[in-house]
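*Asks:* One-letter residues, chain by chain:
2 protein chains.
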Amino acid sequence: MDKSTLFSYYNRNGDTKMRIKNLIGDRFKERPSDCVIDSHALMVRGGYMKYVANGIYSLYPPAKRITKKIENIIREEMDAIDGQEVMFPVVLPGSLWDKSGRYDSVGEELLRFKDRTGSRMVLGMTHEEAAVHLVKEYANSYAKYPFMIYQIQTKFRDEARPRAGLIRVREFTMKDAYSFHTSQEDLEDYYDKCYKAYHRIFARCGVPEVVAVASDSGMMGGNVSHEYMLLTPVGEDSIAICKECDYRANMEAAESIIENEPKIGMAELTEVETKGATSIEEVSAFLKVPTDHTCKAVVYQKNSDDSYVVVFIRGDLDINEAKLTKLIGDNIHPAVITEDCGLVAGFIGPKGITENAKVLFDASLKGMDNLVVGANKVDYHMTGFNMERDYGSVEYVDVAKIIEGGICPCCGKKSITISRGIEVGNIFQLGTKYSKSMDLTYLDEKGESQHAIMGCYGIGVGRLAASVCEVRRDDFGPIWPITIAPWEVHLCLLRVDDEEAKAFADDLYEKMQNSGLEVIYDDRNVRPGAMFADADLLGAPIRVIVGPKNLKENLVEIVTRDKSISLKVNKEETIAKVMEIKAQLMEEINKNV
Amino acid sequence: MDKSTLFSYYNRNGDTKMRIKNLIGDRFKERPSDCVIDSHALMVRGGYMKYVANGIYSLYPPAKRITKKIENIIREEMDAIDGQEVMFPVVLPGSLWDKSGRYDSVGEELLRFKDRTGSRMVLGMTHEEAAVHLVKEYANSYAKYPFMIYQIQTKFRDEARPRAGLIRVREFTMKDAYSFHTSQEDLEDYYDKCYKAYHRIFARCGVPEVVAVASDSGMMGGNVSHEYMLLTPVGEDSIAICKECDYRANMEAAESIIENEPKIGMAELTEVETKGATSIEEVSAFLKVPTDHTCKAVVYQKNSDDSYVVVFIRGDLDINEAKLTKLIGDNIHPAVITEDCGLVAGFIGPKGITENAKVLFDASLKGMDNLVVGANKVDYHMTGFNMERDYGSVEYVDVAKIIEGGICPCCGKKSITISRGIEVGNIFQLGTKYSKSMDLTYLDEKGESQHAIMGCYGIGVGRLAASVCEVRRDDFGPIWPITIAPWEVHLCLLRVDDEEAKAFADDLYEKMQNSGLEVIYDDRNVRPGAMFADADLLGAPIRVIVGPKNLKENLVEIVTRDKSISLKVNKEETIAKVMEIKAQLMEEINKNV
Numbered sequence: 001m002d003k004s005t006l007f008s009y010y011n012r013n014g015d016t017k018m019r020i021k022n023l024i025g026d027r028f029k030e031r032p033s034d035c036v037i038d039s040h041a042l043m044v045r046g047g048y049m050k051y052v053a054n055g056i057y058s059l060y061p062p063a064k065r066i067t068k069k070i071e072n073i074i075r076e077e078m079d080a081i082d083g084q085e086v087m088f089p090v091v092l093p094g095s096l097w098d099k100s101g102r103y104d105s106v107g108e109e110l111l112r113f114k115d116r117t118g119s120r121m122v123l124g125m126t127h128e129e130a131a132v133h134l135v136k137e138y139a140n141s142y143a144k145y146p147f148m149i150y151q152i153q154t155k156f157r158d159e160a161r162p163r164a165g166l167i168r169v170r171e172f173t174m175k176d177a178y179s180f181h182t183s184q185e186d187l188e189d190y191y192d193k194c195y196k197a198y199h200r201i202f203a204r205c206g207v208p209e210v211v212a213v214a215s216d217s218g219m220m221g222g223n224v225s226h227e228y229m230l231l232t233p234v235g236e237d238s239i240a241i242c243k244e245c246d247y248r249a250n251m252e253a254a255e256s257i258i259e260n261e262p263k264i265g266m267a268e269l270t271e272v273e274t275k276g277a278t279s280i281e282e283v284s285a286f287l288k289v290p291t292d293h294t295c296k297a298v299v300y301q302k303n304s305d306d307s308y309v310v311v312f313i314r315g316d317l318d319i320n321e322a323k324l325t326k327l328i329g330d331n332i333h334p335a336v337i338t339e340d341c342g343l344v345a346g347f348i349g350p351k352g353i354t355e356n357a358k359v360l361f362d363a364s365l366k367g368m369d370n371l372v373v374g375a376n377k378v379d380y381h382m383t384g385f386n387m388e389r390d391y392g393s394v395e396y397v398d399v400a401k402i403i404e405g406g407i408c409p410c411c412g413k414k415s416i417t418i419s420r421g422i423e424v425g426n427i428f429q430l431g432t433k434y435s436k437s438m439d440l441t442y443l444d445e446k447g448e449s450q451h452a453i454m455g456c457y458g459i460g461v462g463r464l465a466a467s468v469c470e471v472r473r474d475d476f477g478p479i480w481p482i483t484i485a486p487w488e489v490h491l492c493l494l495r496v497d498d499e500e501a502k503a504f505a506d507d508l509y510e511k512m513q514n515s516g517l518e519v520i521y522d523d524r525n526v527r528p529g530a531m532f533a534d535a536d537l538l539g540a541p542i543r544v545i546v547g548p549k550n551l552k553e554n555l556v557e558i559v560t561r562d563k564s565i566s567l568k569v570n571k572e573e574t575i576a577k578v579m580e581i582k583a584q585l586m587e588e589i590n591k592n593v
Numbered sequence: 001m002d003k004s005t006l007f008s009y010y011n012r013n014g015d016t017k018m019r020i021k022n023l024i025g026d027r028f029k030e031r032p033s034d035c036v037i038d039s040h041a042l043m044v045r046g047g048y049m050k051y052v053a054n055g056i057y058s059l060y061p062p063a064k065r066i067t068k069k070i071e072n073i074i075r076e077e078m079d080a081i082d083g084q085e086v087m088f089p090v091v092l093p094g095s096l097w098d099k100s101g102r103y104d105s106v107g108e109e110l111l112r113f114k115d116r117t118g119s120r121m122v123l124g125m126t127h128e129e130a131a132v133h134l135v136k137e138y139a140n141s142y143a144k145y146p147f148m149i150y151q152i153q154t155k156f157r158d159e160a161r162p163r164a165g166l167i168r169v170r171e172f173t174m175k176d177a178y179s180f181h182t183s184q185e186d187l188e189d190y191y192d193k194c195y196k197a198y199h200r201i202f203a204r205c206g207v208p209e210v211v212a213v214a215s216d217s218g219m220m221g222g223n224v225s226h227e228y229m230l231l232t233p234v235g236e237d238s239i240a241i242c243k244e245c246d247y248r249a250n251m252e253a254a255e256s257i258i259e260n261e262p263k264i265g266m267a268e269l270t271e272v273e274t275k276g277a278t279s280i281e282e283v284s285a286f287l288k289v290p291t292d293h294t295c296k297a298v299v300y301q302k303n304s305d306d307s308y309v310v311v312f313i314r315g316d317l318d319i320n321e322a323k324l325t326k327l328i329g330d331n332i333h334p335a336v337i338t339e340d341c342g343l344v345a346g347f348i349g350p351k352g353i354t355e356n357a358k359v360l361f362d363a364s365l366k367g368m369d370n371l372v373v374g375a376n377k378v379d380y381h382m383t384g385f386n387m388e389r390d391y392g393s394v395e396y397v398d399v400a401k402i403i404e405g406g407i408c409p410c411c412g413k414k415s416i417t418i419s420r421g422i423e424v425g426n427i428f429q430l431g432t433k434y435s436k437s438m439d440l441t442y443l444d445e446k447g448e449s450q451h452a453i454m455g456c457y458g459i460g461v462g463r464l465a466a467s468v469c470e471v472r473r474d475d476f477g478p479i480w481p482i483t484i485a486p487w488e489v490h491l492c493l494l495r496v497d498d499e500e501a502k503a504f505a506d507d508l509y510e511k512m513q514n515s516g517l518e519v520i521y522d523d524r525n526v527r528p529g530a531m532f533a534d535a536d537l538l539g540a541p542i543r544v545i546v547g548p549k550n551l552k553e554n555l556v557e558i559v560t561r562d563k564s565i566s567l568k569v570n571k572e573e574t575i576a577k578v579m580e581i582k583a584q585l586m587e588e589i590n591k592n593v
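Residue numbers (our numbering), protein chains in the order written: chain A, 1 to 593; chain B, 1 to 593.
Since the hints were made in silico from the structure, they are not lab data.
Quick caveat, the model's predicted, so the values are computed rather than measured.
A few of these clues could be false.
Which copy? The list can't say, so a pair holds if one copy fits it or any two copies do.
Stated by the list, open to error - Below, computed lysine-lysine pairings styled on DSS-like, alpha-carbon distance capped at 30 Å: (1) 243 with 366; (2) 568 with 591; (3) 21 with 326; (4) 358 with 326; (5) 99 with 114; (6) 68 with 196; (7) 193 with 21; (8) 446 with 21; (9) 17 with 263; (10) 351 with 401; (11) 436 with 136.
Full structure from sequences and hints, please.
*Replies:* Right, dumping it as structure tokens:
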């Protein structure tokens, strides 16, 4: 390269120039057979990523450029809410995770190994422990609070089933932030700031439609939390959304409300033989009773001591195991019913059930009269079961999965729909879970020792890039929002052998760069079809096409990747028009921020 | 924060503002007892880093800001030599390292473990395998060459003895680049470009004195390679430098040249009893002969088959084991001499040595007459040994450590000095080592299959930051070059309780930010001594001091961290003067680039 220009095109967001003939990575037409979702197929076909191992990918320059831009947007928004960027290790000592208890409590997704000295190490999949460790000595007085620290870094989570390209991987780049407070109110204030910053981040990345849904905190602990969902049929999460009001929650957090209408008069409790009928469907068919008039028993065992948990629920509904886990405060697994455990598989009912099992009643049974229940006796059920009369007063719990058409916990209408979405971010009010287990204390105004109150806030960078691709694409490739596109402009020279056209395009390429535009230039000697197919796969929002035919009429063609703009301009006005379209595309993004 | 300013101070290189009272991390006076070198002590005392585990650190915001700036400089220089930024995984499948043979050949510093499915994985410590994997299908034709790809990412190297803070760690951020060529000439051309880019990088980071030294390629393979050394007495590498010419090489690559002057006439070969004298010093004292008239035997065993290697060398010199390893093409360890191996420990000599051992003669023995050598017999040595006469003609090898005052292999003068340095970068001509082992081939112009020729180029980001600190500091803290300083300006308000001073400083803080300056503001209610001690530890190159006393005379004090500038300016001219000093400091950097 020319040394005189060495320092002229430096750009903090990366190089602004690229000739497609030099761009490493291949683009091709055939959909790879192992790609289940479209965005994954397009990102492989477009030369964005390469499979290295299950759930582990290398990124080619276009994907690296996209993720860098997303990272910069996140960084700006985190700085704007007074975040301080730090860096935690990827490899952490097991002893640090002992302190929080998570070395033992987290499943196999936490990759544990030993270093050369035999010390237990883990690969960081989240950094609450490291965050508390970093600030433990610093945050010793109320005057130091509140503060927030964040990092953008590689994480590893040994997923059992990686899928969908960059959407569910084992190794990923994540922004994780941790805030520290001296009161719940202050945490809530900050949580709200972060809640809004997240909406700005997604809007700036071109997906303002991302919705925040109330969620269960899972292994993170704490109470209030939200997931940011990009709704798409290929998402692996289910979300309950009310058509009538603002209510949105993930399935784990969505309260299931069932209103049962009592029948007129109670029937007599009667034992009936139901030979061989063990499933609800079989019993229901055998007794000619709808499943929603039956009471199903679902049996689990606690992971900690294998003790039994029997959950009774209306026969037509299912258990949400995340709700159940949270309720009983222990991990569970489907029960193995042994001969001596006292449970009669297929015929379990409330009345006379063994005292060896913990018994729970889902709220869906509340107000039900004349239920069909198991008789705790092989081949027998009971009909006409009435809870209060035949069992006693019980405290109902909410462990049922919310259903399509169910009652909205917010507005009370039967307006719940179930949608699918990709979780592109999450925020948690952690409370004192980690400050207590890891002993992070400060002296308050009165000189008394208190535990810090924490929040944490995550966004998966690669997953966000792939999710945007999933919802911003056509059959031919991604349609990248201008804010995160690998290049803003894709310049196509249709006839490299036409001297005049080549001279004009070369000059335009230089001048567009000098105008601060990020340009990828296709000056290969290939057919227009192949050229446009590659441009579609690279998804730059603005395409400039230089060809001898148009040039003869002094014209250059400009089209946007989303086809909303397609025009010819006087060749001298090309850059001005491109700048105008860029400003327009930016404006469309910014109006949602 | 004020929402109206939300988007006004975005800065791609991170937030420009910070109040020291909000900055997380502690600064303190006492030197931590576990810090051996000064830069490590200062970076702990200054709140830059925190120990997490042996060789593993978290970074506080000041260090994160420094490393981000270094990364941006590296990125710009890599882009300037047509590098394409990519991203490889941190966690790599063992099978990929099988292909290069390094899964087995690299020592324990390669951390190997198994994932949940039992698959062998490694933590990436260098990415030649991943780089070849990424481009294998793409780089199938000569037309695709040359190209260079690079990444800036976390690496892990399970060092046995991490030391010196960020200088030798187990987890580190590194820029690693890989270039691919179709001819040795093209590799050499590109290598030269990269060689120069590296000098620009170090100059832009404020350490233009970094020198490139010829080096041994070690486990990377290949022939020509250079290390970039920042000379400092605390460096762990030794470098041979000629005082008279440009010659510089690390100890492994420096040829040892010894000129022996033959005595007049050969003595008779005589066996003498040297009872109990086994070391060269003992034999030399016993026989009253200088050590440089003796021939020492140093015995190793090959790691692969434990076979013996005996190296004879002039008694006053030492073996350089890296040279020896390279020469014999196998790793070695000091020998355990068993009773039946045929070697007589303490009395080994060339004449009559067992045929079980491979025997090498260092060039330092060439031209020596009348040597004292071992007699291969307990308690006996020989005097008057003359190689050709008493042993035969031998091929001498170069495995000696070059010495202070030794002969320069370049200019031939006795002008070698041995300096210590920190290796802050390295570049290698790899040749076809990886393309052959991993079968990276392309079709040349004639349609014939060829192996690609590679180069690789590394810089440790955290190590560079710590190294700059080591050579740019005083007793009170680092003196960061303006290009990588965490903040450019440190604003001290001496009396926060003085309303006028506070109003002026607050306003100055805002205005300096608006002028694009990166400012850290100390408006705490602390004594000037404590304030300046913190400013020294944070090392911003320009300090602005606002106090009521000076303000009464309409003055503000400006001093540079290196004390080269200290002046008072009319308060209205503060920003203009700061900008002028910044430009001056930038100019001092740029003149070396």
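*Asks:* Would you mind marking each hint as holding or not holding in the structure?
*Replies:* Verification of the hints:
Within a single copy, residue 243 and residue 366 get their C-alpha atoms as close as 26 Å, which meets the 30 Å cut-off; across copies the closest is 93 Å, which misses it. In the homo-oligomer, the alpha carbons of residue 568 and residue 591 lie at most 30 Å apart inside one protomer (27 Å), although the nearest pairing across protomers, at 47 Å, exceeds that limit. Proximity of residue 21 and residue 326 under a CA criterion of 30 Å is satisfied in neither setting, with 55 Å inside one chain copy and 40 Å between copies. When the C-alpha separation of residue 358 and residue 326 is checked against a cutoff of 30 Å, the pair qualifies only within one copy, where the shortest distance is 15 Å, while the shortest distance between copies is 70 Å.
When the C-alpha separation of residue 99 and residue 114 is checked against a cutoff of 30 Å, the pair qualifies both within a copy, at 18 Å, and between copies, at 24 Å. Proximity of residue 68 and residue 196 under a CA criterion of 30 Å is satisfied in both settings, with 22 Å inside one chain copy and 27 Å between copies. When the C-alpha separation of residue 193 and residue 21 is checked against a cutoff of 30 Å, the pair qualifies only between copies, where the shortest distance is 21 Å, while the shortest distance within a copy is 45 Å. Taking identical chains as interchangeable, the C-alpha atoms of residue 446 and residue 21 lie at most 30 Å apart only when they sit on different chains, with a minimum of 21 Å there against 68 Å within one chain.
Taking identical chains as interchangeable, the C-alpha atoms of residue 17 and residue 263 are never at most 30 Å apart, the minima being 75 Å within one chain and 69 Å between chains. Proximity of residue 351 to residue 401 under the C-alpha cut-off of 30 Å is restricted to the intra-copy arrangement: shortest distance 25 Å within a copy versus 89 Å between copies. Taking the shortest alpha-carbon separations for residue 436 and residue 136, only the intra-copy value of 12 Å comes in at or below 30 Å, while the best inter-copy value is 51 Å.
Going through the hint list in order, the structure does not satisfy hints 3, 9.
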